[in-house]
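Q: Could you slot chains B and C onto chain A? The hints should help.
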Amino acid sequence: MATTSLEPTTGSGVSIREFTEEEQYYVASQWQLMWRKFRRHRLGYASGVLLVLGYFFAITYDFWIPYDFTDRHDKLSSPPTRIHVIDANGTWQMPFVYGTQAIVDPQTFKRTFEEDPEQVHPIGLFTQGAPYKFWGLFEWDRHFFGVEGTTIHMFGTDDLGRDVFSRTLSAARISLSIGFVGVVLSFVLGIIIGGISGYFGGTVDLLIQRFIEFVISVPTIPLWMSLSAAVPITWSPLQTYFAITVVLSVVSWAGLARVVRGKILELRENDYVMAARVAGAGNMRVLFDHLVPGFMSYLIVHLTLAVPSMIIAETTLSFLRLGIRAPAVSWGTLMQDAQNVSTIAVFPWLMIPGVFVIIAVMLFNFLGDGLRDAADPYR
Amino acid sequence: MRAYLVRRFLFMVVGWWLLSVVVFIVIQLPPGDFLTNYIAGQEQAGTFLEREEIEALKLYYGLDRTPIEQYLFWAGRFVIGDLGRSFGSWRAAEQPVTKILAEVLPFTIILSTLALIFTYVVAIPIGIYSATHQYRPGDYFFTAVGFIGLAVPNFMLALLLMFMLFRYFGITAGGLFAPEYALAPWSVDKVLDMLKHLIVPVVVLGTAGTAGTMRVMRGVLLDELGKQYVITARARGVSERRLLFKYPVRLALNPIVSGTAYILPGIFGGNAIVAIVLSLPMTGPVLLTALRAQDMFLAGSIVMVEGALVIFGTFLSDILLALVDPRIRQERAVAA
Amino acid sequence: MTEEQAAVAAPESGAPTDEDVILELNDVRTYFELEEGTLKAVDGVSFAIRRNETLGIVGESGCGKSVTGQSILRIVPKPGDTQGNIWLRRNGETVDLASLHPSGREIRDVRGRDIAMIFQEPMTAFSPVHSVGNQIMEAVLVHESVSKQDARTRAIEVLSQVGIPEAERRVDALPHELSGGMRQRAMIAMALVLRPKLLIADEPTTALDVTIQAQILRLMQDLQKEMGMSIMFITHNLGVIANMADQMVVMYLGRVVEQGSVEAIFGEPQHPYTQALMESIPRIGLTRGERLSSIAGTVPVPLNPPEECGFASRCPKFIPGRCDAKVPDMIETSPGHHVRCVLYE
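Quick note, the sequences are listed as chains A, B and C, same order. The first sequence begins at -4 in this note's numbering and counts up by one. The second sequence begins at 18 in this note's numbering and counts up by one. The third sequence begins at 163 in this note's numbering and counts up by one.
Looking at chain A on its own, in the form it has when it is part of the complex (with noise of 0.2 Å):
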């Protein structure tokens, strides 16, 4: 008597007719809706783009930097190199740069570049260039771009000569992937802690909310110095690197074991949670058969906006010196060349890894905020 219009879906097993839009929206899976709302919301999806686009590039850095970011070229404290189209003679050409050379007021002793108009550079793509092993797998020495007879800085040279547009794009390997191996520490630690707190309640969750609370209000940086200041200054930068991960998982799972325990909380008093209890199923199964998929898109969007802090954190250690050491590179310690006023205000090329910073952060920001909308899908 009732039911005509979704019959087909069951019954003999032969669909009658294509479902309409709207009753794809009713069986749609939880991730088909969300996706589809995120693929809605511009902002969160071009900035999930930019993102994936971004970690490509730094997971493949070797072929697209000119130089190895530890090598060090005759131009000190560079300004970026300009890329001319338009020669002397004032016709088209593909890009170009000048040979420079380094001019030194007697006066002031301040470094200033001249291009010299008579060397004409063309810019070449997959030119040869320093050979590196590619992801330690084969040798190559192709890069994406570079010039023949002098030498290219996009973004300039630090005070060793060293390109820092190499440099930038090596560090966003560290920078890029400290915030992403953090995340998963804390999460690991927040969701054990923070499941046990909400799925057994009572004391134990009284005890682990207050402990949360604590480490929530203790003032995080100076904790973050003193404990990466322990790091033995002896331990490679692969050690250096684990522990500073861990220093800052350390101090910030416990945002996430609360939104965790929050979320189980509420879970837990829903029907279909009694249903399968009522049903005879275990804590355990209760716990990850039908809690944990019921707030996973909740807590990935938790998990996308605990990346930024975890950037932002590795930046300012590394830039107080405290956090990963050369001859590693992260966007924290090529900042460190820009400690005070006066070297931003001649050397201003040396805060460009700082903009990567905070790119990298809105992105990850946008893209949680695209999430968490997504995340939502019936609203």
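Derived by calculation from the structure, the hints in this document are not laboratory data. Worth double-checking, as some hints may not be accurate.
Unchecked claim - Within a straight-line C-alpha distance of at most 16 Å, the following computed EDC-like cross-link-like pairs (lysine to aspartate or glutamate) qualify:
| id | chain 1 | residue 1 | chain 2 | residue 2 |
| --- | --- | --- | --- | --- |
| 1 | C | K240 | B | D81 |
| 2 | C | K240 | B | E241 |
| 3 | A | K32 | A | D368 |
Claimed, not checked - What the simulated footprint calls covered on chain C by chain B, stretch by stretch (three residues with Cβ under 8 Å from a Cβ of chain B suffice, anywhere in the stretch; the number is not a length):
| id | segment |
| --- | --- |
| 4 | 234 to 248 |
| 5 | 259 to 273 |
| 6 | 279 to 292 |
| 7 | 347 to 354 |
Said to hold, decoys possible - Simulated restraints, written as ranges between beta carbons of each label pair:
| id | chain 1 | residue 1 | chain 2 | residue 2 | range |
| --- | --- | --- | --- | --- | --- |
| 8 | B | D206 | A | A125 | 57 to 63 Å |
| 9 | B | L52 | A | F51 | 30 to 36 Å |
| 10 | B | L200 | A | E113 | 55 to 61 Å |
| 11 | B | D206 | A | I81 | 44 to 50 Å |
C-beta: ideal position from N, C-alpha, C; glycine also.
A: Showing chains B and C alone in chain A's frame:
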């Protein structure tokens, strides 16, 4: 009300205790014991300690005892106000930690308080504006500013603001006093000079908290504005303005007040960074130099004192919350 | 303006001439312009409420009955917009509420004083951080220039009138300190403190226990007699309508599909939708094994609805080519009994 306050007070005390454990662990973390480091540091500075002195120090720090006893020694002395001695990382002078703190802590507290006030004074009106003008240009503008404010690391914001002041106004914003006031006795002019120097740090410190608080205010307001009690009030003829300020704004203040517990650690933490970049005589630079020199008693004390202050601030915000929210005031009645 | 003038002025604007009618809706449309299209929550609703009469509005959730109530007070949530005429007779004048600015002085004057509204959720109807008395007093203070003390006395009076014991003490209680039933009484007190001529009750008993429901309904009937007011009773519960109302309006998908006296409609439901509703009520004397019928399908969302009878997709008596050709007209089948169905054309 009383039961609530007693509970929050106990929580504060327990928090202090937990913090002291954490800090003690931090102090112990660097390899080697601090006495050896201290002796090495002194020798570097050209002072050689007598055997008796070393023995006295060993006894003082309880180095021949178990870690728990050492902790009790340290914590006990902390309670009576003896924070140990700095090994001379700050201003190259071996001196009691309390002396250094007396020098830098007041400024730190002044700056943090001002930054907190700045946060509220800026964030609350903007949050109200954004919520009442949702999806209008003003809302988008403040949302964008908020996103940028959240994304710029404190130290970069400090550098950028300093750079702009320097570039466009020729002002050097570093330090806390102009040279002519640095050593002068306190006067009205000196206070004004200090406030002038505090503008950049206050703005920098307040920005991150402002961006967050603004979003919270906007979100809670939008939530509350759609609630039944607002519609009920509208249905009995209450004006939109009164409707906004009597109910949702009032209720939105609760998460803002309890949010202080989250903003405060950020401000105190950010303080360290800003003070370092702007070279302000505050706890940040002291902490950094102490950590670099592994002058752990100084570093640990700073973390301990700042953490204790933040926990105390949280306690104050709990009291404030009770004053704002009658539900909490009457909690005892409800629980009984 | 005297009553005579009002009566003269009325025909020009199309306003009601019947002295007894205190509120008349004429072709009221409340649309929500959404990203997905136009949601026609209320789509051309007309009815009238007389002095001291109780009008029941019945329909499934999503039929637009609540939005109709909100439209009268102009408290439709954003981005809803109300068109049409909502004539209110006050002090001998006729005001078209639909033409007023939704947050302006005039409509605020009407709210609470001439027309009051009570809601389904007594839990959330009060601000949790203000006392119940404070919120009742507010209604008085907003509309009348009286002292706080007087307003408080009025609040206590009305609280005891709705049967709240120890009103002097309860007036300072916070909402969460009252039980659900008490809170609903307090909400009625808040609505009635100014003795409005019309009370719009939007599912006032749905969230309550059955026993308390009966008490509240009884209370409303008593207060109606005592104060002499009209009630517009919005509910999905036909039983409540049968008990409370004199006239009734059946709504479906934003439109009125049938209206008339309660006796007429319960006696002879004419619209297939009304008939289906009636059959879904449990009755004593139902033969064993006979099942309660339910209406097939669910209420569609009135988003960009096609120009056809809204019930067409679920109607057992659906006639292709007629029901989906246009929106049927309202037809008077017997005096005072109207139905919107092609079967009676």
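Q: Does each hint fit the structure? Answer for all of them.
A: How the hints compare with the structure:
Restraint check for K240(C) and D81(B): the C-alpha separation of about 73 Å exceeds 16 Å, so the hint is violated. Distance check on the hinted pair: K240(C) and E241(B) sit about 14 Å apart at the alpha-carbon level, within 16 Å; holds. A C-alpha spacing of about 8 Å is found between K32(A) and D368(A), which places the hinted pair at or below 16 Å, so the restraint holds. A count of 3 residues in the segment 234 to 248 of chain C with a Cβ less than 8 Å from any Cβ of chain B is obtained; the coverage claim is therefore met, three being the minimum.
With 5 residues bearing a CB less than 8 Å from a CB of chain B, the segment 259 to 273 of chain C meets the requirement of three and the coverage assertion stands. Under a criterion of three residues with beta carbons nearer than 8 Å to beta carbons of chain B, the stated coverage of the segment 279 to 292 of chain C is upheld, 10 such residues being counted. As drawn, the segment 347 to 354 of chain C meets chain B at 3 residues by the rule of a beta-carbon pair under 8 Å; at three or more, the given contact holds. Here the CB-CB span from D206(B) to A125(A) is close to 59 Å, well matched to the stated 57 to 63 Å.
Separation of L52(B) from F51(A) is about 52 Å and departs from the stated range, judged on CB atoms against 30 to 36 Å. Against the hinted window of 55 to 61 Å, the Cβ-Cβ separation of L200(B) and E113(A) comes to about 58 Å, which satisfies the hint. For D206(B) paired with I81(A), a C-beta distance near 57 Å fails the hint of 44 to 50 Å.
The structure fails to meet hints 1, 9, 11 from the earlier list, while all remaining hints are met.
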